[in-house]
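Chains as they are written, first to last, in our numbering: chain A, 560 to 848; chain B, 38 to 374.
None of these hints come from the bench; they were simulated from the model. Cβ coordinates follow ideal geometry from the N, Cα and C atoms, glycine included. Heads up, a few of these hints could be off.
As the list claims (entries may be wrong) - Distance ranges between label pairs, derived from CB positions:
1) A/GLN728 <-> B/GLN237: 37 to 47 Å
2) B/PHE337 <-> A/TYR617: 29 to 39 Å
3) A/VAL685 <-> B/GLY348: 43 to 53 Å
4) A/LYS833 <-> B/PHE229: 39 to 49 Å
5) B/LEU68 <-> A/VAL832: 56 to 66 Å
6) B/SER256 <-> A/GLN728: 25 to 35 Å
7) B/GLY348 <-> A/LEU688: 47 to 57 Å
8) B/SER256 <-> A/LYS833: 21 to 31 Å
9) A/VAL832 <-> B/ALA252: 19 to 29 Å
To be verified - Examples of chain A residues toward chain B, derived with CB under 7 Å:
10) PRO590
11) ARG642
12) ILE648
13) LEU659
14) ALA660
15) GLU663
16) ILE781
17) PHE812
18) HIS816
19) MET819
20) LEU823
21) LEU830
Listed here are the chains, written in short residue letters.
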Amino acid sequence: MEIVVYGIINSITLSLISLGFTLVYSISRVPNFAHGALYVTSGYLTWIFLNKCTGMPYVLAIILGIGITAVVGALIYQFILVRVRGMEISEIIATYAIGLAILEGLRWGGLRGGTFSLPAFFAGSVDILGVSVDYQRLIIVGAGILTFILLYLFTRYTKMGLAFRGIAQDERAAMMLGINSDVTAVLSLGIGSALAGLAAILLLPLGNIVVETGYNVLIFAIAVCVIGGLGSWGGVIVASFIIGFAQILTESFLSAHYQMVVALLAIILTLLVKPSGIFGKQKELEERV
Amino acid sequence: MDALMRKERIDRGLKVRTEGIYAISDIREILYLMGPRILLIAGLFALPFVFELAPYWKKVINIMCAYAVLALSFDFLANYVGLVCLGGAFFTGVGGYFAAIFNTTLGMPIWLSMPLATIAGAVFCTFCLLPCLPLRGVYFAIVTLMYPLLFTRIIEALDILGGTNGMTGIDAFPNAYVENYTIIAIALIFLFGMRRFVNQDVGLVLRGVKDNDQAVRASGISVTRMRIIAVFIASLIGCSAGAYIAHLYMWAGISLFALDFSIIPIAAVVIGGGGTLVGAMIGAFILVPLSEVLRAFGTFRIVIYCIILTGFIVFKSEGIMVYLQRKYHQFERWVKV
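Using the sequences provided together with the hints, build the complete structure.
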């Protein structure tokens with residue numbers, strides 16, 4: 560029972576982490592290797608607002624943290640990525656370099672040790688099916704599901720969301736219909752960063768804010784996206800459930816050290832068997848060369 | 038009355054005859070063409086003597102050339118095959134551990150363990166990277182990003198290969214000069230070897246893979262097979278640097294998978310000028326001494342590299358070497374009319 564409950568929680572955690580990455584990739588085709596860095600940035604900013612500005616309510620700190628992260632993401636696109644757009648090698652190197660610069664800059668700036676942690680929204684825990692689950696994890700599940708629903712509605716029923724989907728499906732046709740590709744990409748990076756920030760705010764109260772989280776988050780996000788099919792939404796959910804349960808199973812039967820091994824083995828298996836990922840049918844031909 | 042003078046580009050006589058293949062007619066033209074190459078080779082060979090009185094900087098020469106070799110590997114893979122390797126540390130780590138195993142466990146002498154580790158490491162790396170080769174370049178970047186971290190975790194978790202302490206007791210080089218000249222020779226051999234290789238037929242096909250893979254496929258050549266060849270060569274170059282570093286420090290540990298080995302070569306290539314091969318080395322020769330000077334900053338150095346890297350990629354994507362090459366060809370002299 561414990562495996563089921565924690566498997567579900569872990570799966571939703573993973574999909575929250577990967578949503579931002581897959582959103583950016585599906586819309587602007589930029590693999591955002593700065594995703595993990597934005598995740599940590601948002602957590603750290605919230606911590607700063609909470610601890611250095613006395614009297615600031617937690618909610619305001621969270622909103623500011625996520626908001627600033629979104630702006631940072633948009634600025635990264637507006638000033639750096641837009642200049643190397645379409646050059647795949649430069650895109651990868653540039654986002655990776657920015658991510659590293661942010662992460663190592665934070666490490667140098669004093670983000671070390673276990674002194675940085677966000678408080679849980681509500682303390683305490685509740686028994687579900689005989690397993691004790693604390694409120695924070697329940698909030699994660701709730702917020703995760705809510706985010707999915709909101710994103711689904713956003714991409715189906717708002718003009719901006721439809722523009723996003725248009726660009727994702729066929730950039731040229733969308734541009735002919737008057738959708739500005741660069742503006743959409745800026746917005747997608749902003750929203751992607753905000754999603755990374757949201758994930759950080761929800762997940763970081765469970766542990767400390769450390770730089771290594773940034774690398775782990777990036778890797779798990781990529782693993783989920785590759786297995787689900789890069790840029791596919793349904794794929795993210797399915798893949799995060801696969802990896803999420805696989806991780807919980809290895810953790811309970813082997814050891815927590817193997818979590819990353821599971822992720823990588825899953826990637827390699829996917830690449831060998833079905834390179835476009837579980838739901839990447841539409842773009843299968845594009846991914847293969 | 039003075040004769041009328043006008044300016045003339047030095048390379049004019051050469052360029053007029055042919056752009057690519059130089060038909061050389063006199064000693065001055067030979068010197069003009071050979072000058073930079075001779076300067077590089079002679080300069081590298083002279084370095085250990087120049088720093089005779091500064092033993093610390095002699096050590097820096099070693100590590101600088103090792104990074105130059107890694108940068109060469111990255112440059113070849115990124116700019117000739119179109120595969121971005123975000124984990125150069127994977128090559129150094131694998132090469133280093135193989136060297137350690139061959140040297141300590143199997144008791145091979147140093148001159149046997151280094152080449153063998155290079156080849157074994159290259160085979161191993163190619164095998165590990167095999168699944169992502171039939172796919173677009175972004176998958177290669179993703180998987181190479183993961184491997185160094187993964188191997189660090191595996192070694193820590195299973196406590197194999199010396200665990201977190203690493204493998205000690207690897208043979209050192211006989212003396213400092215052998216240390217210096219081994220890596221200088223490796224760097225130069227790979228540099229000039231690769232310069233030849235990329236202009237062979239197979240090198241041209243590899244460039245085709247980068248620019249238009251569908252055209253390569255349409256010509257009946259397997260893209261995957263070409264990429265396997267390219268990755269094997271690149272990991273050969275990378276693993277040789279790893280094997281050398283293991284012998285240099287007489288130690289192979291998880292820090293061989295460290296971030297430095299991934300990011301400095303990338304920065305060096307972008308700064309030096311991608312696609313020139315020499316530029317990659319020049320970039321390393323600039324960055325590594327710089328990072329020694331900045332040693333006091335600790336991890337902030339990585340931030341500096343990344344900022345330089347992003348700046349170059351956005352504002353000066355051609356790099357230093359391409360710029361210098363152009364300027365060298367534009368030298369002018371005064372001649373009588």
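Hints, verified against the model:
1. For the pair A/GLN728 and B/GLN237, the supplied restraint of 37 to 47 Å holds, since their beta-carbon distance comes to about 42 Å.
2. Between B/PHE337 and A/TYR617 the beta carbon distance is about 31 Å. The supplied range of 29 to 39 Å therefore holds.
3. Evaluation of the 43 to 53 Å hint for A/VAL685 and B/GLY348 yields a pass: the beta carbon distance comes to about 52 Å.
4. Range check, A/LYS833 to B/PHE229: about 43 Å between beta-carbon atoms, so the 39 to 49 Å window is met.
5. Taking 56 to 66 Å as the suggested C-beta distance range, the pair B/LEU68 and A/VAL832 conforms, at roughly 59 Å.
6. A C-beta distance of roughly 31 Å is found between B/SER256 and A/GLN728, which places it inside the suggested range of 25 to 35 Å.
7. Range check, B/GLY348 to A/LEU688: about 55 Å between beta-carbon atoms, so the 47 to 57 Å window is met.
8. Here the CB-CB span from B/SER256 to A/LYS833 is close to 27 Å, well matched to the stated 21 to 31 Å.
9. Between A/VAL832 and B/ALA252 the CB atoms are about 28 Å apart, so this pair conforms to the stated range of 19 to 29 Å.
10. The restraint placing A/PRO590 at the interface with chain B holds, with a minimum CB-CB distance near 5 Å, inside the 7 Å limit.
11. A cut of 7 Å between beta carbons decides the hint on A/ARG642: the least distance to chain B is about 5 Å, and the hint holds.
12. Interface hint at A/ILE648: satisfied, since its Cβ lies 5 Å from the closest Cβ of chain B, which is below the 7 Å cut-off.
13. A least Cβ separation of about 5 Å between A/LEU659 and chain B falls short of the 7 Å threshold, and the interface hint therefore holds.
14. Of the supplied interface hints, the one on A/ALA660 holds, with its beta-carbon coming within about 4 Å of a beta-carbon of chain B, less than 7 Å.
15. The closest approach between the C-beta of A/GLU663 and any C-beta of chain B is roughly 4 Å, which is under the 7 Å cut-off, so the hint is satisfied.
16. Taking 7 Å as the C-beta cut-off, the interface hint given for A/ILE781 holds, the closest approach to chain B being about 5 Å.
17. This hint is violated: A/PHE812 has a C-beta 14 Å from the nearest C-beta of chain B, more than the 7 Å allowed.
18. With its C-beta approaching chain B no nearer than about 3 Å, A/HIS816 sits inside the 7 Å limit, and its interface hint holds.
19. Annotation: interface hint on A/MET819 holds; nearest CB of chain B at approximately 5 Å, less than 7 Å.
20. Annotation: interface hint on A/LEU823 holds; nearest CB of chain B at approximately 5 Å, less than 7 Å.
21. Against a cut-off of 7 Å between C-beta atoms, the interface hint on A/LEU830 holds, since the closest Cβ of chain B lies about 4 Å away.
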